[in-house]
Amino acid sequence: MDNKLRIMLVEDHQPTRKEMRSLIEGESDMTVVAESPTGEDAVDKARELHPDIIIMDILLPGINGIETTRQIRAELPEVKVLALSNHIGDALVRAILKVGGLGYVRKRRAFEELVPALRSVAAGKKYIAE
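39 is the number of the first residue of the sequence shown in my numbering; add one for each residue after it.
Mixed in with the good hints, there may be bad ones.
[Stated by the list, open to error] EDC-like mimics (lysine to aspartate or glutamate), calculated; alpha carbons at most 20 angstroms apart, straight line:
1) Lys-42 - Glu-65
2) Lys-56 - Glu-73
3) Lys-83 - Asp-128
4) Lys-83 - Glu-73
5) Lys-163 - Glu-150
6) Lys-56 - Glu-151
The set of hints was computed from the structure by calculation and includes no laboratory data.
Please put together the full structure from these sequences, using the hints given.
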């Protein structure tokens with residue numbers, strides 16, 4: 039159990055968090071260690087729990103996912119971040135990569151792409167959804 043990927047979900051929409059948790063918990067080598075509805079809460083929980091990977095919604099109440107990623111990666115550079123959003127655009131992808139994110143998945147494709155994206159990011163590889 040100690041070798042499971044420890045994942046934190048940062049998403050303000052509770053039903054989406056529930057779906058992601060269910061998908062992740064279905065994998066024998068992954069576990070969700072925390073959920074956060076806001077960027078501020080995510081920074082606090084990341085400091086406390088040091089997850090392996092954070093799935094980060096880009097549009098959050100309070101500080102957005104890009105700024106939250108910047109803050110977490112500045113303090114905890116070993117934590118990998120996979121961005122998740124309904125919005126796609128080169129500028130958004132560049133912004134998340136610039137602050138230390140390793141990947142990007144569209145919410146509408148999460149069912150198909152989330153687990154492969156997590157495995158890629160866990161291996162230190164970038165994962166950019168089309």
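Does the alpha-carbon distance linking Lys-56 and Glu-151 stay inside the 20 angstroms limit? holds (17 angstroms)
| Taken at face value, is the distance from the CA of Asp-128 to the CA of Lys-83 at most 20 angstroms? | violated (29 angstroms)
Exercise for review: Compare the distance between the alpha carbons of Lys-163 and Glu-150 with 20 angstroms, and conclude whether the hinted pair is satisfied.
Suggested key: holds (18 angstroms)
Has the given pair, Lys-56 with Glu-73, been kept, meaning a C-alpha gap of at most 20 angstroms? Holds - the C-alpha atoms of Glu-73 and Lys-56 are around 9 angstroms apart, at most 20 angstroms.
* Is the straight-line distance between the alpha-carbon of Lys-42 and that of Glu-65 20 angstroms or less? -> Since the Cα atoms of Lys-42 and Glu-65 sit roughly 9 angstroms apart, the hinted pair holds (cutoff 20 angstroms).
Does Glu-73 sit within 20 angstroms of Lys-83, going by the straight-line distance between their CA atoms? Roughly 9 angstroms between the alpha carbons, so the hint for Lys-83 and Glu-73 holds.
Hint 3 alone, counting from the list given before, is not met by this structure.
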